[in-house]
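Same order as they appear, the protein sequences are chains A and B.
Per our numbering: the first sequence = residues 32 to 136.
Per our numbering: the second sequence = residues 224 to 647.
In short, the hints are calculated from the structure, not lab data.
Computed from a predicted structure; not experimentally measured.
Glycine residues also receive a C-beta, built at the ideal position from the N, C-alpha and C atoms.
Some hints could be false.
Below, computed lysine to any residue pairings styled on SDA-like, alpha-carbon distance capped at 20 Å [claimed, not checked]:
| hint | chain 1 | residue 1 | chain 2 | residue 2 |
| --- | --- | --- | --- | --- |
| 1 | A | K136 | B | D399 |
| 2 | B | K432 | B | L470 |
| 3 | B | K433 | B | D398 |
| 4 | B | K496 | B | P603 |
| 5 | A | K118 | B | P503 |
| 6 | A | K136 | B | P279 |
| 7 | A | K118 | B | L389 |
| 8 | A | K118 | B | P619 |
| 9 | A | K136 | B | G643 |
| 10 | A | K118 | B | A277 |
| 11 | A | K136 | B | G647 |
| 12 | B | K432 | B | A372 |
| 13 | B | K433 | B | L389 |
| 14 | A | K118 | B | P612 |
| 15 | A | K118 | B | Q276 |
| 16 | A | K136 | A | S105 |
| 17 | A | K118 | B | P603 |
| 18 | A | K136 | B | A277 |
| 19 | B | K496 | B | A396 |
| 20 | A | K136 | B | A548 |
| 21 | A | K118 | B | G616 |
| 22 | A | K118 | B | T620 |
| 23 | A | K118 | B | K432 |
| 24 | A | K118 | B | D610 |
| 25 | B | K437 | B | R413 |
Now the stretches of chain B that chain A is said to cover, found in silico as 3 or more residues with beta-carbon under 8 Å [claimed, not checked]:
| hint | region |
| --- | --- |
| 26 | 496-502 |
| 27 | 554-560 |
| 28 | 604-614 |
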Amino acid sequence: MGRISDGLMSKLVATAIAAVATAAAAVVASAEPPPGAAACSGCHPVSPRVTSPVPRIAGIDRAAIVRAMQDFRSGQRAATVMDRIAKGFTDDEIQAIAAWFATQK
Amino acid sequence: MKATRRAFLKFGVAATASATLLPVRTFAQGAAPRVVVVGGGFAGASCARALRQAAPRVAVTLVEANPTFTACPFSNAVIGGLRELSAQQFTYERVAGDGITMVRALATGVDAQARTVTLADGARLPYDRLVLAPGIDIRWGALPGYDEAAAAQMPHAWRAGEQTVLLRRQLEAMDDGGLVVISAPANPFRCPPGPYERASLIAHYLKTKKPRSKLIILDAKDAFSKQRLFQAAWAELYPGLLEWVPLSKGGNVTSVDAGTRTLVTDFGRHQAKVANVIPPQKAGRIAEGAGVADRTGWCPIDPVTFESKLQAGIHVIGDAAIAGAMPKSAFAANSQAKTCAAAVARLLTGAVPSTPKLINTCYSLVAPDYGISVAGVYQPSGGQLADVPGSGGVSPTDAPRATRAVEAVLAEAWFRTITGEVFG
């Protein structure tokens, strides 16, 4: 049995934590959206039958959603209403919403 | 088809009626909890569908008297001749397709102790939790001279449908040079920017088709939603055509005479060719009978669960609820419906509901290519839903016309999306 280097071990641990976190996010996703997330579909379509110039966010990469919300909040990204809405959410809330949407279809 | 459905409903009602003899408050395996939702508008239909999704084991029944839903958002565009009423109408086929039992009947009463909803034919629907989404009712008699007969002469058009078409026909029949008067009520009422969007789109119609006409808004208030944006747009688009008379300048209408289409204020009388009376309102009728409306006529709720502060086991969502800083809008109703559904799903399993965050976004058209918006984010605070500090607000006052055009496109997109999500 070969030894596992410290570096590899920490990578394995990190992967395991990430897997657990993803699984937890998936459980939360099927059970209940985090605070604020359910309201998004008032404008961002979920139903495949709806067409809109407003982008779908279900299934979008988590980091991309986080970045978009942070940029809307800081004013770095131009917006019509998302700047006003993003200011109502903390970093933690944005992370939770992004994680949830990333797991949605 | 119709007879089959009726037979099915009768059977369903009979079967569930016997279940009331065995009140089950905790749910062992196999005993599906029953949730009845009354009212199939943006709030009720959203809640029923969200609940089915969150808790597939729950038996969800949606009670709605009308076979078709007629949406109020964008109905001002129907009045202004920009859109047909059919574009406002939606059926419940896909709602039923989610496995929700549709009961096409008027709910006439609630027994909060026995936990049953009474229908117009006397049948009773038992529930473990009840969600009331009855929208608004007109407070007939609050404005002297304005009753149901008067509404046939001076339409309110504040519940979309025949009244919407009536107001449009009256405008179409009016000769050029006529006076149109809108009376706007004191707060609170359904759709705070609605009277001013309506005035805008009627002004657009008059400017285009009957340019010698005039429009006056008689207002029971001195301030209104998106006021600076509306007033700047009016000065730009409808100068000399549209006049707003606030409370302090004699805008409060104290009585009306339907026979002569006259609106009386403390300062004078306005005889209109077309009069649109937007009267004082209250929660939809069943709220009072269920004991969930307070002396204001609206329904106090817990900001986490939307459970009534007056009756346990009954939740109130949408325009009927007193939702603190949240306006009475379709977006707010949809947001509240999903929050309420998540809370009900948890309460039925004995779990503690999580603290929600809600959103509102509300567009108004000042002209077909000129949109403005207000947005807000809300959270429970001090027993109410309060604005999250630093969030929300209206469109910038100095935005270029290109931004107004984009917001007009987004307004229409919003309507397609929310109706598609709720009814499609």
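Evaluation of the provided hints:
{"no.": "1", "hint": "K136(A) to D399(B)", "in the structure": "54 Å, violated"}
{"no.": "2", "hint": "K432(B) to L470(B)", "in the structure": "30 Å, violated"}
{"no.": "3", "hint": "K433(B) to D398(B)", "in the structure": "7 Å, holds"}
{"no.": "4", "hint": "K496(B) to P603(B)", "in the structure": "46 Å, violated"}
{"no.": "5", "hint": "K118(A) to P503(B)", "in the structure": "34 Å, violated"}
{"no.": "6", "hint": "K136(A) to P279(B)", "in the structure": "18 Å, holds"}
{"no.": "7", "hint": "K118(A) to L389(B)", "in the structure": "42 Å, violated"}
{"no.": "8", "hint": "K118(A) to P619(B)", "in the structure": "15 Å, holds"}
{"no.": "9", "hint": "K136(A) to G643(B)", "in the structure": "17 Å, holds"}
{"no.": "10", "hint": "K118(A) to A277(B)", "in the structure": "28 Å, violated"}
{"no.": "11", "hint": "K136(A) to G647(B)", "in the structure": "18 Å, holds"}
{"no.": "12", "hint": "K432(B) to A372(B)", "in the structure": "29 Å, violated"}
{"no.": "13", "hint": "K433(B) to L389(B)", "in the structure": "18 Å, holds"}
{"no.": "14", "hint": "K118(A) to P612(B)", "in the structure": "9 Å, holds"}
{"no.": "15", "hint": "K118(A) to Q276(B)", "in the structure": "29 Å, violated"}
{"no.": "16", "hint": "K136(A) to S105(A)", "in the structure": "28 Å, violated"}
{"no.": "17", "hint": "K118(A) to P603(B)", "in the structure": "17 Å, holds"}
{"no.": "18", "hint": "K136(A) to A277(B)", "in the structure": "15 Å, holds"}
{"no.": "19", "hint": "K496(B) to A396(B)", "in the structure": "10 Å, holds"}
{"no.": "20", "hint": "K136(A) to A548(B)", "in the structure": "33 Å, violated"}
{"no.": "21", "hint": "K118(A) to G616(B)", "in the structure": "10 Å, holds"}
{"no.": "22", "hint": "K118(A) to T620(B)", "in the structure": "19 Å, holds"}
{"no.": "23", "hint": "K118(A) to K432(B)", "in the structure": "43 Å, violated"}
{"no.": "24", "hint": "K118(A) to D610(B)", "in the structure": "11 Å, holds"}
{"no.": "25", "hint": "K437(B) to R413(B)", "in the structure": "25 Å, violated"}
{"no.": "26", "hint": "496-502", "in the structure": "violated (count 0)"}
{"no.": "27", "hint": "554-560", "in the structure": "holds (count 3)"}
{"no.": "28", "hint": "604-614", "in the structure": "holds (count 3)"}
Violated hints, in rising order: 1, 2, 4, 5, 7, 10, 12, 15, 16, 20, 23, 25, 26; the structure is consistent with all others.
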